[in-house]
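There are 2 protein chains.
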Amino acid sequence: MKNGFCVWFTGLSASGKTTLSNLLQKALLERGFSVEVLDGDIIRKNLSKGLSFSRDDRNTNIKRIGFVANLLARNGVAVIVAAISPYKNIRDEVRAEIGDFIEIYLDCPLEVCIERDPKGLYRKALAGEIKHFTGIDDPYEVPEKSEVVIRSHEESPQESLARILRTLEILGRIPALHEDGYSEAEAEVIKKRLTDLGYL
Amino acid sequence: MKNGFCVWFTGLSASGKTTLSNLLQKALLERGFSVEVLDGDIIRKNLSKGLSFSRDDRNTNIKRIGFVANLLARNGVAVIVAAISPYKNIRDEVRAEIGDFIEIYLDCPLEVCIERDPKGLYRKALAGEIKHFTGIDDPYEVPEKSEVVIRSHEESPQESLARILRTLEILGRIPALHEDGYSEAEAEVIKKRLTDLGYL
Numbered sequence: 000m001k002n003g004f005c006v007w008f009t010g011l012s013a014s015g016k017t018t019l020s021n022l023l024q025k026a027l028l029e030r031g032f033s034v035e036v037l038d039g040d041i042i043r044k045n046l047s048k049g050l051s052f053s054r055d056d057r058n059t060n061i062k063r064i065g066f067v068a069n070l071l072a073r074n075g076v077a078v079i080v081a082a083i084s085p086y087k088n089i090r091d092e093v094r095a096e097i098g099d100f101i102e103i104y105l106d107c108p109l110e111v112c113i114e115r116d117p118k119g120l121y122r123k124a125l126a127g128e129i130k131h132f133t134g135i136d137d138p139y140e141v142p143e144k145s146e147v148v149i150r151s152h153e154e155s156p157q158e159s160l161a162r163i164l165r166t167l168e169i170l171g172r173i174p175a176l177h178e179d180g181y182s183e184a185e186a187e188v189i190k191k192r193l194t195d196l197g198y199l
Numbered sequence: 000m001k002n003g004f005c006v007w008f009t010g011l012s013a014s015g016k017t018t019l020s021n022l023l024q025k026a027l028l029e030r031g032f033s034v035e036v037l038d039g040d041i042i043r044k045n046l047s048k049g050l051s052f053s054r055d056d057r058n059t060n061i062k063r064i065g066f067v068a069n070l071l072a073r074n075g076v077a078v079i080v081a082a083i084s085p086y087k088n089i090r091d092e093v094r095a096e097i098g099d100f101i102e103i104y105l106d107c108p109l110e111v112c113i114e115r116d117p118k119g120l121y122r123k124a125l126a127g128e129i130k131h132f133t134g135i136d137d138p139y140e141v142p143e144k145s146e147v148v149i150r151s152h153e154e155s156p157q158e159s160l161a162r163i164l165r166t167l168e169i170l171g172r173i174p175a176l177h178e179d180g181y182s183e184a185e186a187e188v189i190k191k192r193l194t195d196l197g198y199l
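In order, the protein sequence lines correspond to chains A and B.
Number 31 in numbering that gives the first Met the number 0 belongs to position 32 of the first sequence; there are no gaps in the numbering.
Number 173 in numbering that gives the first Met the number 0 belongs to position 174 of the second sequence; there are no gaps in the numbering.
In short, the hints are calculated from the structure, not lab data.
All values reported here derive from a predicted model rather than from experimental measurement.
Treat each hint with caution, since some may be false.
Note: identical chains are not told apart, hence a pair may lie in one copy or across any two.
As the list claims (entries may be wrong) - Lysine-lysine pairs mimicking BS3-like chemistry, simulated, CA-CA at most 27 angstroms apart:
id	residue 1	residue 2
1	K123	K44
2	K48	K118
3	K48	K190
4	K190	K62
5	K87	K190
My request is simple: use the sequences and hints to build the entire structure.
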């Protein structure tokens, strides 16, 4: 059985979490992993219907995702979570619970997310039709120690994916293939970052 | 990777679900399976805090357990669920969703459960201190097509466990060991039952 782990995408709505989750899922399946994607919206439907977007209820939702991710990861599944997960303390709580945890922060400016707005949610939030919307009238607490920071407005999804895979290789979560288009110089940058953060 | 499946224990509080779950967990671990036990109480704490014991909320709780059990089972885990799960339609819904599903009905008379009452819950329910308690003021809908029926007041846990394991062997969920103390005649009885119910 392969060792499981959890890759946790955090970031504003429309920052690119779902796009990268799907690309990463495909890449990990090709490498022979069992993969499950826990998408925030799907989890809300199946595990958290009735919860609001208050701070307490958001935390409860994230803890539930963490509980399920942990069950899967400890049974050898590569779990990919895509959830706004705006509050730092709960992200850190889930990291501590799961252990085999890699955080990826989608660092996309709010203006870009508002411009993208694929579900029309920002429009509604700005019109006051949705309350407690992250970035509008609810805070997003920027992560300080994410293993990977993705500026999705400045690089292509394929470039981001390559960096994520190389990071997972360097961290020993997945076998190194050296086929993901990253130079040694770029790998050194990743290694330095992970070392500085205390992950290597 | 081994094929996952879900063994679902249903029955009144104090009917013996937890005892048998733990024995089955041990036996399946010894046979090399990855095993997770989803206990009703633990799931209520982690996935369903705030839900009441109304019919709707009980159904929501069971559906959540089913959702998680399915995620695990389809990734090769032997999932054991121990939950009263009193309503037939939701049990059947979960069975349909998971597919690799084996239901075990703990058929223990209410009087025996009240006599056992290890958590003092029946006492409280009979005193009116707990409402919507299954068997007291909330119904338990008896399963008609459980793969195994256990009369825990008439046989030892070890006897029940042997019958469960033999049933899993006959259904092809686990490799046959023929070391679990069951005679061929007894196996024939199990085979006939499973055939009559349409599971073989």
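Next item on the list: Could you tell me which of the hints above the structure violates, numbers in ascending order?
Entry: 3, 4
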